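Those sequence lines, one after another, are chains E and P. Residue 102 in numbering that gives the first Met the number 0 is what sits at position 103 of the first sequence, and the numbering runs on without skipping anything. Residue 77 in numbering that gives the first Met the number 0 is what sits at position 78 of the second sequence, and the numbering runs on without skipping anything.
Any given hint might turn out to be false.
Identical copies go unnamed one by one, so any copy, or any two together, can satisfy a pair.
As the list claims (entries may be wrong) - Dumping the calculated DSSO-like pairs for lysine-lysine here, alpha-carbon to alpha-carbon at most 30 Å:
| # | residue 1 | residue 2 |
| --- | --- | --- |
| 1 | Lys83 | Lys97 |
| 2 | Lys290 | Lys1 |
| 3 | Lys97 | Lys290 |
| 4 | Lys198 | Lys83 |
| 5 | Lys83 | Lys309 |
| 6 | Lys97 | Lys292 |
| 7 | Lys108 | Lys19 |
| 8 | Lys108 | Lys83 |
| 9 | Lys97 | Lys116 |
Note that these hints are calculated values from the structure, not bench results. Predicted model only: the values in this text are computed from it and were never measured.
2 protein chains.
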Amino acid sequence: MKIVALGGGTGLSTLLRGLKLFSDVDVTAVVTVTDEGGSSGIIREELGVLPPGDVRNNIVALAENESLMAQIMNYRFNEGQTFKNHSLGNLIIAALTKITGSFAMAVEKVSDTLAVKGTVLPVTEDTIRLVATMESGEEVMGETQIVKRRSKIVDLHLDSVAHPFPKVIEAISKCDVIVLGPGSLYTSIIPNLMVNGVKEAMKGKPTILIANLMTQPGETNGFSLKDHIITVERYLGYSLDRVISNSEIIPYDILQRYNVEGSEQVLTMVGDEKVVSFPMVKSEVDPNDGKEKVRHDPIKLAASVRKIAKELIGD
Amino acid sequence: MKIVALGGGTGLSTLLRGLKLFSDVDVTAVVTVTDEGGSSGIIREELGVLPPGDVRNNIVALAENESLMAQIMNYRFNEGQTFKNHSLGNLIIAALTKITGSFAMAVEKVSDTLAVKGTVLPVTEDTIRLVATMESGEEVMGETQIVKRRSKIVDLHLDSVAHPFPKVIEAISKCDVIVLGPGSLYTSIIPNLMVNGVKEAMKGKPTILIANLMTQPGETNGFSLKDHIITVERYLGYSLDRVISNSEIIPYDILQRYNVEGSEQVLTMVGDEKVVSFPMVKSEVDPNDGKEKVRHDPIKLAASVRKIAKELIGD
Chain E
0 MKIVALGGGT
10 GLSTLLRGLK
20 LFSDVDVTAV
30 VTVTDEGGSS
40 GIIREELGVL
50 PPGDVRNNIV
60 ALAENESLMA
70 QIMNYRFNEG
80 QTFKNHSLGN
90 LIIAALTKIT
100 GSFAMAVEKV
110 SDTLAVKGTV
120 LPVTEDTIRL
130 VATMESGEEV
140 MGETQIVKRR
150 SKIVDLHLDS
160 VAHPFPKVIE
170 AISKCDVIVL
180 GPGSLYTSII
190 PNLMVNGVKE
200 AMKGKPTILI
210 ANLMTQPGET
220 NGFSLKDHII
230 TVERYLGYSL
240 DRVISNSEII
250 PYDILQRYNV
260 EGSEQVLTMV
270 GDEKVVSFPM
280 VKSEVDPNDG
290 KEKVRHDPIK
300 LAASVRKIAK
310 ELIGD
Chain P
0 MKIVALGGGT
10 GLSTLLRGLK
20 LFSDVDVTAV
30 VTVTDEGGSS
40 GIIREELGVL
50 PPGDVRNNIV
60 ALAENESLMA
70 QIMNYRFNEG
80 QTFKNHSLGN
90 LIIAALTKIT
100 GSFAMAVEKV
110 SDTLAVKGTV
120 LPVTEDTIRL
130 VATMESGEEV
140 MGETQIVKRR
150 SKIVDLHLDS
160 VAHPFPKVIE
170 AISKCDVIVL
180 GPGSLYTSII
190 PNLMVNGVKE
200 AMKGKPTILI
210 ANLMTQPGET
220 NGFSLKDHII
230 TVERYLGYSL
240 DRVISNSEII
250 PYDILQRYNV
260 EGSEQVLTMV
270 GDEKVVSFPM
280 VKSEVDPNDG
290 KEKVRHDPIK
300 LAASVRKIAK
310 ELIGD
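Based on the provided sequences and hints, a complete structural model is requested.
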């Protein structure tokens with residue numbers, strides 16, 4: 000079963016970590032390139048290459064965890080004023096982009112070296128930025144600034160026309176099922192749909208949205224599951240076939256901490272037959288701040304996706 | 000034939016590039032770790048790992064040139080204020096030192112990944128600095144400062160006791176011939192001899208010095224070949240068996256430019272039967288400044304070393 004999964008960094012890589020364990024699933028991850036923050040943002044600005052962080056996360060998710068190259072690709076410097084917080088894998092992808100002259104080729108070379116199970120593709124090789132119209136009418140440029148505003152996004156577009164990386168269109172046209180997410184609605188999922196030809200190629204393919212576990216401050220404040228679905232369908236231009244949501248209640252103490260930061264659980268809903276729900280929450284300590292975070296459990300998520308995908312294609 | 004070659008970065012790597020082409024030569028490069036300049040110096044200072052540049056140069060010299068990993072190890076960023084002039088290979092060795100907890104292990108892992116022909120070893124895993132007493136009596140600390148003084152070095156020592164990396168002593172004790180250089184006299188060759196137990200292990204092994212082509216401003220101003228030999232023998236504590244020097248006259252226009260910078264050709268000498276000379280100069284454009292530089296021709300140099308080594312061991 001050929002699955003194309005579109006998204007960004009962390010969320011999509013969680014799905015891939017699960018999917019790679021199923022030998023009957025052949026996955027292609029199509030990854031946004033609109034990140035402007037952190038190590039990726041500095042590399043983008045100073046070296047003029049696409050932000051490598053999201054593709055790196057997904058490549059490593061599909062690699063054997065223990066290999067030396069995977070450790071190198073995952074290494075982040077944690078000292079020294081020059082290198083602190085920079086990801087070595089990001090620098091390797093940037094250098095390979097300069098050596099080969101192509102970001103997509105760099106991604107392919109790193110994937111080959113890591114012997115990944117599946118394929119990771121940047122959605123486009125064009126340098127693009129997100130532009131959001133906020134509720135106030137203000138136009139905000141760039142992913143980092145948009146999220147910082149912490150206000151409602153009423154419209155999102157790209158600052159220039161983006162051409163799809165050809166293998167993305169090819170992978171979509173050959174796949175059995177398309178999966179959107181999990182990932183930030185406006186900064187990971189929707190940007191992929193705005194690259195020329197992507198949603199047109201997707202049309203007619205069974206499409207599943209993985210709903211987020213929690214709302215994201217600055218992107219989806221107060222969004223219900225229905226709001227998520229409506230928003231994705233608005234940018235997609237047609238209806239989703241299935242929405243996979245989480246049925247498990249998140250522990251009260253974790254939820255309380257999220258609430259303080261403006262983030263609420265996205266509860267599943269009844270009365271819409273395309274929504275299916277499964278328990279698939281896993282809490283883990285975030286190494287960045289030592290706090291317990293809720294994440295999709297990679298195996299439960301992948302098993303749910305595989306089950307629904309099989310139903311959709313009548314397998 | 001087992002050869003142990005001791006030296007630093009550029010010069011030693013030239014010898015290795017030649018030696019790897021001879022299938023009957025098994026080479027171990029023992030490399031200084033006293034560099035404090037450039038990318039290596041910043042990594043040393045900010046990340047607290049040994050300077051990786053010299054070992055990196057030698058690993059790459061022994062690798063297949065065309066491999067992707069060799070290109071990655073050799074890549075140097077040439078833009079962006081954060082990364083400009085930093086070597087990606089240096090950063091990889093630094094990260095692997097953090098991951099494995101050992102600089103020597105990092106060197107071994109990178110060597111394995113590049114499938115190098117031979118072995119590269121740091122002479123010590125101790126963090127050491129050079130201390131020089133200049134002609135004026137002033138004590139100068141650190142390789143960069145010592146060379147900057149551009150005055151005569153009357154004595155050189157390490158700032159603290161350095162223990163040899165155990166495999167260095169093992170390689171020396173098992174080898175047939177030892178080669179010193181080519182390389183900077185005070186900052187590449189002699190520092191190896193000051194690590195505890197190294198010259199003691201070398202004693203009794205046939206030892207060849209590769210003489211430099213040119214004197215180095217700040218290290219060997221005005222040094223004749225005889226001065227080079229006397230200086231090395233002083234730190235070694237016993238006599239060299241052979242000195243391989245260049246017999247070819249360097250083109251006048253190049254020589255003139257070197258002379259302006261205080262660098263003169265080291266001419267070969269007669270009357271000392273341990274001195275043997277061969278034509279082995281190659282001029283090449285330095286990518287850093289676009290100027291034509293004189294270098295040892297790797298193949299001519301390696302062939303000369305192999306010939307003399309065979310004579311010494313009676314092969």
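Here is how each hint holds up against the structure:
Taking identical chains as interchangeable, the C-alpha atoms of Lys83 and Lys97 lie at most 30 Å apart whether they share a chain (22 Å) or sit on different chains (13 Å). In the homo-oligomer, the alpha carbons of Lys290 and Lys1 never lie at most 30 Å apart, since the shortest distance is 36 Å inside one protomer and 55 Å across protomers. Taking the shortest alpha-carbon separations for Lys97 and Lys290, only the inter-copy value of 25 Å comes in at or below 30 Å, while the best intra-copy value is 38 Å. For a Cα distance limit of 30 Å, the shortest separation of Lys198 from Lys83 qualifies neither inside one copy, at 39 Å, nor across copies, at 40 Å.
When the C-alpha separation of Lys83 and Lys309 is checked against a cutoff of 30 Å, the pair qualifies neither within a copy, at 45 Å, nor between copies, at 50 Å. Taking the shortest alpha-carbon separations for Lys97 and Lys292, only the inter-copy value of 27 Å comes in at or below 30 Å, while the best intra-copy value is 37 Å. For a Cα distance limit of 30 Å, the shortest separation of Lys108 from Lys19 qualifies both inside one copy, at 19 Å, and across copies, at 27 Å. Proximity of Lys108 and Lys83 under a CA criterion of 30 Å is satisfied in both settings, with 26 Å inside one chain copy and 23 Å between copies.
Taking CA atoms no more than 30 Å apart as the test, Lys97 paired with Lys116 passes in both settings, with 25 Å inside one copy and 28 Å between copies.
Hint check: violations occur at hints 2, 4 and 5; the rest are consistent with the structure.
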